[in-house]
Amino acid sequence: DAGVIQSPRHEVTEMGQEVTLRCKPISGHDYLFWYRQTMMRGLELLIYFNNNVPIDDSGMPEDRFSAKMPNASFSTLKIQPSEPRDSAVYFCASSYGGVSYNEQFFGPGTRLTVL
Amino acid sequence: GQQVMQIPQYQHVQEGEDFTTYCNSSTTLSNIQWYKQRPGGHPVFLIQLVKSGEVKKQKRLTFQFGEAKKNSSLHITATQTTDVGTYFCAGRGYGGSQGNLIFGKGTKLSVKP
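Chains as they are written, first to last, in my numbering: chain A, 1 to 115; chain B, 1 to 113.
Note that these hints are calculated values from the structure, not bench results.
Just so you know, not all the hints are guaranteed correct.
Stated by the list, open to error - BS3-like cross-link-like pairs, simulated, lysine-lysine; straight-line CA separation at most 30 Å: (1) B:59 x B:70; (2) B:36 x B:59; (3) A:68 x B:57; (4) B:105 x A:24; (5) A:24 x B:36; (6) A:68 x B:59; (7) B:70 x B:108; (8) A:78 x B:105; (9) B:70 x B:57; (10) B:112 x B:51; (11) B:108 x B:59; (12) A:24 x B:70; (13) B:70 x B:36; (14) B:59 x A:78; (15) B:105 x B:56; (16) A:68 x A:78.
Predicted model, so just to flag it, every value in this text is computed and none were measured.
Whenever a hint applies, use it, and build me the whole structure from the sequences.
As structure tokens, then:
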């Protein structure tokens, strides 16, 4: 299994530009999570989906952030317009809700730098 | 809302010394998970504790879940340089779905050879 796949691995953009982060979860997993990690705030849950439906987006910082999951094998996190304070590592994770473990498998992350 | 506090934030040890990180929740947890993140890497699941007072071991790592299910600890015996990284606890409250996993801010462990 290839694990959770994220792209791009690194993104450098200028303030005001649109940024789209992509994630392919592990096949068969029915939960998908988007996290943001910074030194100051640690690991924050932004939004998660169950069976492609957004369940909790209370962690999304503001309207500039949006996430979609059009099918079971693809999700996007979009920031428009981007700001320097959005600079962080964004992780996608997936899990299977049918087992008692509920272990989350994290992707390698996208390191976003907004200049 | 539910909060998970983790201490210490940083720990520097000499190789061979023991290491412990502590996790405390503001509310009773249904279960708690531990993850390790190597420098430049992503969090990797280590273990899940579910039962009150549960103790689990993985080689040199010992995980404990408090009797009240509000605190947990990870203890590493005789640290090695391969133990370097940040250790996170993540607690899940009662009710809701598995999305209610709240991560502590982690303890960053450095090991001096």
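Within 30 Å, alpha carbon to alpha carbon, are residue 68 of chain A and residue 59 of chain B?
violated (41 Å)
When you check the alpha-carbon spacing of residue 59 of chain B and residue 70 of chain B, does it fall within 30 Å?
Status holds; Cα separation ~25 Å.
Hint consistency between residue 105 of chain B and residue 24 of chain A [alpha-carbon to alpha-carbon, up to 30 Å]:
holds (26 Å)
Hey, residue 70 of chain B versus residue 36 of chain B, does the alpha-carbon distance stay inside 30 Å?
holds (20 Å)
Residue 78 of chain A paired with residue 105 of chain B [C-alpha distance capped at 30 Å]
holds (25 Å)
Within a Cα-Cα threshold of 30 Å, do residue 68 of chain A and residue 57 of chain B meet the stated pairing?
violated (39 Å)
Tell me if the straight-line CA distance from residue 112 of chain B to residue 51 of chain B falls inside 30 Å.
This hinted pair is violated, its Cα atoms lying about 35 Å apart.
Under the criterion that the straight-line Cα-Cα distance not exceed 30 Å, is the pair residue 36 of chain B, residue 59 of chain B satisfied?
Since the Cα atoms of residue 36 of chain B and residue 59 of chain B sit roughly 15 Å apart, the hinted pair holds (cutoff 30 Å).
Checking one constraint from the list: CA of residue 24 of chain A to CA of residue 70 of chain B, max 30 Å. Satisfied?
Violated, because 34 Å separates the two Cα atoms, which is more than 30 Å.
Given the proposed pairing of residue 68 of chain A with residue 78 of chain A, does the C-alpha separation stay at or below 30 Å?
Within the cut-off at roughly 8 Å; holds.
So if I understand the rule, the pair passes when the alpha-carbon distance is 30 Å or less; does residue 108 of chain B with residue 59 of chain B pass?
holds (20 Å)
Do the alpha carbons of residue 70 of chain B and residue 108 of chain B lie within 30 Å of each other, as the hint requires?
holds (22 Å)
Going down the numbered hints, you'll see the structure goes against 3, 6, 10, 12 and 14, while the others check out.
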